[in-house]
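Student: With chain A's structure known, arrange chain B on it following the hints.
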Amino acid sequence: MSRNGRKMAIFKKKKDEQQKINVCQGITLSEAVQMTRMAGYQEVLVRGILEVLIVFGSVGGILSCVGLNYHMLVLFLADAVIAAYFSNLFRTGKIWLRDIGYVSYFIVFILAIFLLKSYANSGFYAMVNEFLNKITDYFMVDDVKVFSESMGNRAVTVPIAAIFVSSIEIIVLNIFLSTYMSIAAAVLMGVPVFILPLFFRLEPDVLYVILLCAGIFGVIVLKGSRHYKLVFDDRQFDTIEKKGRLKTIGYTQSGKIAAQITGVLLGIILLVLGVVNVAYPPDNFTYRFKNSTVKEKIEEPLGNLIMYGFEALRNRPNTGGIAEGQLGGVSSVITDGETDLELIFTPYSTDTIYLKAFVGDRYSVDHWEKDEGGMYPLPRVTDNNTKDENKVAEPDEAAGEAKSIESGRTIDKNGTPVLDKTDDAAHGKMDVVNISANPNYYYMPYYTLWDSDMESGYKNKTGIQRGQTQTYIYYPDYSYEADNNGQIKESYLEVPEENREVIAEFCREAGFGGSDEEIVQQVTAYFEENFPYTIHPGATPSGEDYVNYFLTKTKKGLCAHFASAATLIFRYYGIPARYCEGYAVDYNGVLDGKLFNEYHGDKVNGNRKEYDDYFTGENLLGRTDVMVVDVTDESAHAWVEVFIDGKWQVAETTPPAGEEEEQDDFWTRFGQYFFGDGEDDTQNYGAVDTSAIFSMENVRWVVMILVGIVAVAVLIFVIKLMSRKIKRMLSYHTDFVGDDVIAYYSYMCDYMRLARVGFDDADTHLKQSKLMLTRRGERVEDISPDRMSNALAISETVEELSYDNGIDMMSESLLDESARILDILKGVMVFIKKNTDKKKRIYAFFKL
Amino acid sequence: MIKIRNIIKYIIIFIMNLLMLLFLHSYFNMVILILLLVLPAVSIISAAVAIRNIDIAIEGTNEKLNINEPFLLRVRVTNKSFIPVLNVFMNVDVENDFFMSAGTHVLNIPAFIKGVNEVEYRLSSEYIGIIKVSIPDMVIMDWFGFVRLKKKVGVSKEYTILPDTALQVMPDNTAISAGMTEAEESRKKGNDFAEVSDIREYIPGDKLQNIHWKLSAKENNIMVKERVNLSSDELMVLVELTNDVDMILNDILCAMYGMADYMIRQNVPFSIYWWSVGDQDMKRTVIDGMADLEETMENIFYERYYADAKLGTTIMKRLMNEGSRFMVIGRRDAGNGVTVFTYKDTVEGCICE
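Residue numbers (my numbering), protein chains in the order written: chain A, 10 to 857; chain B, 4 to 356.
Heads up, a few of these hints could be off.
Covered stretches of chain B, going by a simulated chain A footprint (3 or more residues, C-beta under 8 Å) [what the hints assert, rightly or not]:
no.	region
1	20-26
2	36-43
3	54-67
4	265-275
5	281-291
6	305-313
Non-contacting residues of chain A with respect to chain B, defined by C-beta distances greater than 10 Å in every case (computed) [unchecked claim]:
no.	residue
7	L314
8	L458
9	N539
10	E619
11	T633
Computed cross-link-like contacts, BS3-like style, restricted to lysine-lysine with a CA-CA straight-line distance of at most 25 Å [what the hints assert, rightly or not]:
no.	chain 1	residue 1	chain 2	residue 2
12	A	K126	A	K103
13	B	K347	A	K256
14	B	K12	A	K729
15	A	K603	A	K736
16	A	K238	B	K160
17	A	K251	B	K320
18	B	K12	A	K736
19	A	K306	A	K29
20	B	K6	A	K256
21	A	K729	B	K153
22	A	K736	B	K286
23	B	K67	B	K347
24	B	K135	A	K251
25	B	K154	A	K256
26	B	K117	B	K155
27	B	K155	A	K256
28	A	K103	A	K306
29	B	K6	A	K734
30	A	K29	B	K135
31	A	K729	A	K848
32	B	K12	A	K29
33	A	K498	A	K470
34	B	K320	A	K256
35	A	K848	A	K835
36	B	K135	A	K256
37	A	K856	B	K12
38	A	K251	A	K379
39	B	K155	A	K734
40	A	K306	A	K143
Derived from the structure by calculation, the hints contain no laboratory data.
Backbone N, C-alpha and C fix where the C-beta goes; we use that ideal spot for every residue, glycine too.
One chain only, chain A, in its complex shape (with noise of 0.2 Å):
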């Protein structure tokens, strides 16, 4: 802005004196310029129509990407009418009928949640699911959990879900443009949430993006042309005066030639990417390029974010789910949705599969230590023929002694079948490779032929390491465990003291009671019917006891919870339980595996695994091919084994998942991964191996770009803040010392506006100066006569400068004068700051 342009900001000369602009000497502009122009409001609704064609060409973009092109016309009216109602509230440009206008909307939007919550609600869940299960296409894996959708008709609630969304948006861009016509937020408003979609090959309708291109473009377009600027009385022009003289009048705006630019450029648009679609079409469109190589280091890691969460995040590297006993520290259940382990097998039974990792015998208030010699359940293998090269019976053999023939088969002295070589007992073979599960364990079906080095294996953490594949015979049908000879270790019945009342309690509630069996089967019932299983069971307070919590305070929660509850139940009764980690693979994910021969046909040249490779003796299912079945982490499990009838037996007390969630609508899961959930994660996974959880190897390029990004913007907000400044200061430093006074004062102005309440009221010189001049809390009344002297002295003089024509008319004793100023002014900043709040002064730091 010219000098006295700038004049005029500082010091708000009166209206009839700016009025008076000398065109050249003696001839002067005597009147407001007059230009044909449109209506008032037609100049605010040309703004209207930049933002629907910017939010609707989002919105309606991001709906085609995903196929949810519901009623569009609907969603396009309403935001029409919502635009036009925003953008004439910038048209008087009185403040408080803006404030009046955004309240009531406020109000309508809020009752609008209020009264279309689930259509709402559902309509995002919409959204979001189209999304996952295109994601789930693109990544061609199976379907991940989906938002259960209240209200089905999706024409009326997908429409209803985006105006929500579009309002948002037209309200924060209507500002933008109304105000900067803003380029950055057009482009931010309208672009980004592309990237998402476009990033899974989901491209937009291309009425969409020729609607969102024109929009942004006549932003552009207006942006550079300057002319854009809202103005609230009847001012059509703007005038620049330089040294006393008219130096340009330019327009202010006009609704005109922004409706016609906007007009032209949507034509243009259409013309231009009619001809690139017929020409070029989308289908047709190939990915000439490779992928890049920031594409492929983060497409797995977005990709289970979408659809597994942000806990997919923080699970990586995948451990295997296996929490190692470790309790407590779970506030959400983490999935990465990838391959922990990989089965080479034959099915044999429609049962769920468990692949027993951890066992845990003594309870600790967020702990089970691990059971260093119980472990795993065996099959009683004996050989009268060969016995001595049968090292691996070598466990039974004790108990061997007491058994007998019974029927043909085998059995011990509590009935127990007892597995024979000489049996044709039905048996198989189970190739389990470590993909990225937790290498510290072995994960053996029921029930497995383990030898020595297995058992020192897992006592020193030393399983199955990643890449490696163990080959287990596993005999489905047959166990026996006996400890100590026969009789069970105590920590087996063991229920600590602290437990042992909530559980009294408990049990004394739910009355149970009866047989080993029955007591199982109703502790299964009781929690199926009074305790939900869920996901999302918060983390256990520190010092709080897990299971005592968990039975008495949130009577909800995971795997973890059931079992380890379940186990401390079962031990109040007298039957011996232990609590298990491990893999559970139901009969579906049995039937979602791939036939070996054919998915591992190429890479093992034809070497080929058939049937009886795997299988030997009765199967339920017959003759079946070989799987290869992928264990991901979301089949990690918690059980109980419980010694019944003299062997240890699974006991599933986990109800099922599906009936659960009952706050898990958009705007639950929305707070709770905005504000959280009120609990503590961070202290709570502290107490686990962290390291191994929580580390970020694998997404290091999601935290590197997430970095840069920050690193930039705040890059950016330097630089700006830099060269505002050095501007600044060049303003002062000129060679005309009547310049600097004004430019330095022009610089005081500004700062006193944020940092003083009520310097805007000072409409001369001198009380601007008096206010300057005043300490924090002082009356101007009592600010002392040589601080009066300064006052008057700045007053005078930046009076004197600001309405001379010109520097070249300054006189000798003036420009001295303003040199002596200039001084008192630098002093009397260092006063300003020195008398401004902490707080005002670092806000004004930022600001100027």
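Tutor: Just chain B now, with coordinates in the frame of chain A:
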């Protein structure tokens, strides 16, 4: 600067989209990239087409105007094309050549599709003279503000500013009487306006008003006054076209105008003399009415002023016979003769001998 800023912003958007395209390989970013490449070209071509179809005209009153009387300047931009132009920049020169006062400002307005855009602004002049408003050329900016195209326009409009007719110059009649010759007095009374060069005896045919009655009575013979017409039977008014930093020439001419108006109303024929610096000649115009006066003023407006406050007087005296009298309107402190009137304490009319 604006142009560079626009280009930089556009390049940033272009780079961002390019990076997105390289990252995502999406059709969406590809078509935006095409638009980002095509639209600037369309914008520049459109500007080139539009500028050929834009005409500019200046309109305003042809009436004579008075000092400080607002006059309308209408700039009309006609766009015959279907291309809207957001920024038509016109250099508007406003000058008063007589006072060597000139200023240029830029007028920036849009040009509507197939339409006319008119801008009206009211100017007023403190000084008399011919105000010439001209638009020598115009510049239009393309939509994105990347390029500026220039075109010669060459339209202009002149406004004549005269002193206010209501200007009050009140001559001192006593001073005029004291300073005027008998002839002037008699002329003022409706007689011939000439110098008496000789007295002779009456010859039939002589005008009765030339009879010197007093002398005839004394000589007992009818004597008549013989007149030599040195000043073409009129009052000579010399206006000094002298000027200073305070623009005193404006006041001199205003005073002259007021005095002339007074004399016209008083039915006193007179001529206005001024020294033309350009032609190096003493110019004279007989004033028989307001039309002559206005024409004279317009002629004066094309002259150049000079600094010497008594240049015209000196030359006039040189041209006149000894003892000839004329009225000088000039600086008050020039000390030319008997003051007839004063104006604004800086200008006076006086009888110079």
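Student: Hint by hint, note whether the structure agrees.
Tutor: Structure-based check of each hint:
1. 20-26: holds (count 3)
2. 36-43: holds (count 4)
3. 54-67: n = 0 at 8 Å, threshold three: violated.
4. 265-275: violated (count 0)
5. 281-291: violated (count 0)
6. 305-313: violated (count 0)
7. L314: Holds, because the least Cβ-Cβ distance between A:L314 and chain B comes to about 17 Å, which exceeds 10 Å.
8. L458: holds, 53 Å
9. N539: holds, 49 Å
10. E619: holds, 44 Å
11. T633: A:T633 clear of chain B: closest Cβ-Cβ about 42 Å, beyond 10 Å.
12. A:K126 <-> A:K103: Violated, at about 33 Å.
13. B:K347 <-> A:K256: Given that 25 Å is the threshold and the Cα spacing comes to 33 Å, the pair is violated.
14. B:K12 <-> A:K729: With Cα atoms ~14 Å apart, B:K12 and A:K729 stay inside 25 Å; holds.
15. A:K603 <-> A:K736: violated, 68 Å
16. A:K238 <-> B:K160: With Cα atoms ~32 Å apart, A:K238 and B:K160 exceed 25 Å; violated.
17. A:K251 <-> B:K320: The given pair, whose Cα atoms are some 47 Å apart, is violated under the 25 Å limit.
18. B:K12 <-> A:K736: Judged against 25 Å, a Cα distance of about 20 Å means the pair holds.
19. A:K306 <-> A:K29: Distance of about 66 Å is beyond 25 Å: violated.
20. B:K6 <-> A:K256: Status holds; Cα separation ~19 Å.
21. A:K729 <-> B:K153: The given pair, whose Cα atoms are some 34 Å apart, is violated under the 25 Å limit.
22. A:K736 <-> B:K286: violated, 59 Å
23. B:K67 <-> B:K347: With a Cα-Cα distance of about 24 Å, the restraint between B:K67 and B:K347 holds, given a limit of 25 Å.
24. B:K135 <-> A:K251: holds, 21 Å
25. B:K154 <-> A:K256: Measuring from Cα to Cα gives roughly 20 Å; hence the hint holds.
26. B:K117 <-> B:K155: holds, 21 Å
27. B:K155 <-> A:K256: holds, 20 Å
28. A:K103 <-> A:K306: violated, 52 Å
29. B:K6 <-> A:K734: holds, 23 Å
30. A:K29 <-> B:K135: holds, 20 Å
31. A:K729 <-> A:K848: holds, 21 Å
32. B:K12 <-> A:K29: Status violated; Cα separation ~37 Å.
33. A:K498 <-> A:K470: holds, 22 Å
34. B:K320 <-> A:K256: violated, 47 Å
35. A:K848 <-> A:K835: Satisfied, since the Cα-Cα distance of roughly 21 Å is no more than 25 Å.
36. B:K135 <-> A:K256: holds, 17 Å
37. A:K856 <-> B:K12: holds, 22 Å
38. A:K251 <-> A:K379: Violated - the C-alpha atoms of A:K379 and A:K251 are around 86 Å apart, more than 25 Å.
39. B:K155 <-> A:K734: Between B:K155 and A:K734 the Cα gap is close to 42 Å, so the pair fails against 25 Å, i.e. violated.
40. A:K306 <-> A:K143: Distance of about 20 Å is within 25 Å: holds.
Hints 3, 4, 5, 6, 12, 13, 15, 16, 17, 19, 21, 22, 28, 32, 34, 38 and 39 from the list above are not met by this structure, while the remaining hints are.
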